[in-house]
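A.B. asks: Protein chains in written order, with our numbering: chain A, 1 to 317; chain B, 318 to 597.
Treat the hints with care, as some may be off.
Mimicking EDC-like on lysine to aspartate or glutamate, the simulated pairs with C-alpha atoms at most 20 Å apart in a straight line are [unchecked claim]:
(1) A:K107 x A:E139
(2) A:K265 x A:D296
(3) B:K591 x A:E27
(4) A:K85 x B:D427
(5) B:K591 x A:D78
(6) A:K115 x A:E126
(7) A:K115 x A:D165
(8) A:K107 x A:D78
(9) A:K183 x A:E133
(10) A:K115 x B:D427
(11) A:K265 x A:D248
(12) B:K591 x B:E417
FYI, nobody ran anything at the bench for these hints, they're computed from the structure. In this text, all values refer to a predicted model and were calculated from it rather than measured experimentally.
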Amino acid sequence: MAVIELSNVSRAFTVTSRNGFRRTRREVRAVDGMSFTVEPGEVMGYIGPNGAGKSTTIKMLTGILVPSSGSIRVAGVDPSRNRLKLAKRIGVVFGQRTTLWWDLPLKDSFAVLQKMYDVPIARHRENLATFVELLDLGELLDVPVRQLSLGQRMRGDIAAALLHDPEIVYLDEPTIGLDVISKARLREFLAQVNAERRTTVILTTHDLDDIEALCSRVMVIDHGHQIYDGTLTGLRASQSAPRTLVVDLATSLPPIEIQGATVVKVDGPRQHLTFPTTTSAAPLLSQIAANYPLVDLSVAEPTIESVITQLYTPTHH
Amino acid sequence: MPLGPDTTSKWERRLPCVYWAIGVRSFRRFSTYRIATASGAFTNTVFGFILCGIYLTLWHERPGLGGYDVADALTFVWLQQGLLMPIGIFGATTTVELGERVRSGEIAVDLYRPTHLLLWWLSVDLGRAMFQLAVRGGAPLLVGSLVFDLKFPSNPITWLAVAVGLVLGILVSFTIRYLVALSGFWITDTRGMEQLALVLSCFFSGTILPLVVFPGWIGEFARATPWAATLQVPVDIWLGRSPDGIGSALLFQLGWLLVLLLAGQLTTSVATRKVVIQGG
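Work out the full structure: start from the sequences and follow the hints.
C.D. replies: Encoded structure:
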């Protein structure tokens, strides 16, 4: 059974703008006719440019915003009608905000959470021990949150969101502003939690490395519409962004001529060729190897950024 | 992970627990501001001496003004200086933060918690008030009593009534500040509202002058406002000057508290509905 179910969900806002003394009201559809389901244990990347409707969707899923039309079920309930009940079963992390007690040691925030979510004390201790170890929080428990670095605070926030064994966690930009090592560590931790606890994760991010590292599924939205839903590989394949073949020849030669690929750059004995994502690289290689003095070669996938940039361009919706 | 049993009813049974935990953390949080606490108590003491100068002149010119004798007036000064912060006559960090959260929209984060907004902030404010009451509530009084001859309650019943009256005063003050903070849901710029609240609080709580000195209908009116329940009423209980006795003084506070709590709860649900339905 799906843990999240949206069927034909739309959310409109009324925007009032003042032009001199004239007030005009305009309806903006932040989310428009969205339908999808998420299975328990899935890690779904939810991406889109600013203003695409990501946070509106998350707000509706957590019950702090009602949809204008359509229906939502999360963990078997209608979120906005059961906000307080649902709040016990979900975890939320905002990369740019903290839910920790700013002036108190980290452990105080954890103690309040145990009461807030009514976690059995044994389970609380067990979870805390696990997270302290995995996130390396041991030294930080007695440090006031305001003295923590961004990376440390983020680890604290993530632990806080998971202490009550939520069935679903919503992570909004959890790696924003972190250095490469902190990011890698956090991703590793999230992957482990998902694998061991089957926690469903909805991850909104602008950092596509997060998606590559964690998400079995990606949903791309723009202007309130779903424009892609599938695997990351599928996302690459769905777009015409070409792949690149770099060949090193024994000597400098004029641009090589083969079927299915074209040379875009010649750099001494090294030549760069592009070919469509739909074409396999193998026949190209055998053609080149048969006709040219091939020394070495490599195939480069289109970057996920270039694929997504292409998705956002207006011709696609 | 299976969806697991619904534990809501169990959570509701254990309601007091989480709010107690929140209150305790808030108390601890304020205990980390040592320098602010010390300098605040020092300022209160300095103001205490200035006010004593003014009140001594006033009561010298008009002995028995408002039914207070000189000892009453001076005790009023030192009690008031100790209680300004705990009661939050000029506003308090907690409700100021709430107002900022409402304005910035960050209040949405509070809605992700399985707790009631009003009770959450009430616990936070009580934790703050209790810390400030314990640590600096008595400090000016102590200094004042070294210099002047001050009045203290003479029997345990009065002490108990003072304690109850103080808690009620803090709660009444909180509910007023809470309502002002929540006005940010409807008013884009709440500064005017906050200033109005500050002026009303200063005057009608008896902070500028004890409300007993105001004659006629102005006095009657001032003593009937909810602000009177925050400072004037508990101080009168301490002095043994409650016009209709301790019982009716406490009932007066309780009455306002219930009305304001109801208003607070109503405003909370309307504000939540506004966020949830209109989107902020």
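A.B. asks: Are the hints correct? Go through all of them and say.
C.D. replies: Evaluated hints:
no., hint, result
1, A:K107 x A:E139, "holds (11 Å)"
2, A:K265 x A:D296, "holds (16 Å)"
3, B:K591 x A:E27, "holds (17 Å)"
4, A:K85 x B:D427, "holds (14 Å)"
5, B:K591 x A:D78, "holds (18 Å)"
6, A:K115 x A:E126, "holds (15 Å)"
7, A:K115 x A:D165, "holds (14 Å)"
8, A:K107 x A:D78, "violated (33 Å)"
9, A:K183 x A:E133, "holds (17 Å)"
10, A:K115 x B:D427, "holds (16 Å)"
11, A:K265 x A:D248, "holds (12 Å)"
12, B:K591 x B:E417, "holds (18 Å)"
Comparing the model with each earlier hint shows a violation of hint 8 alone; every other hint is respected.
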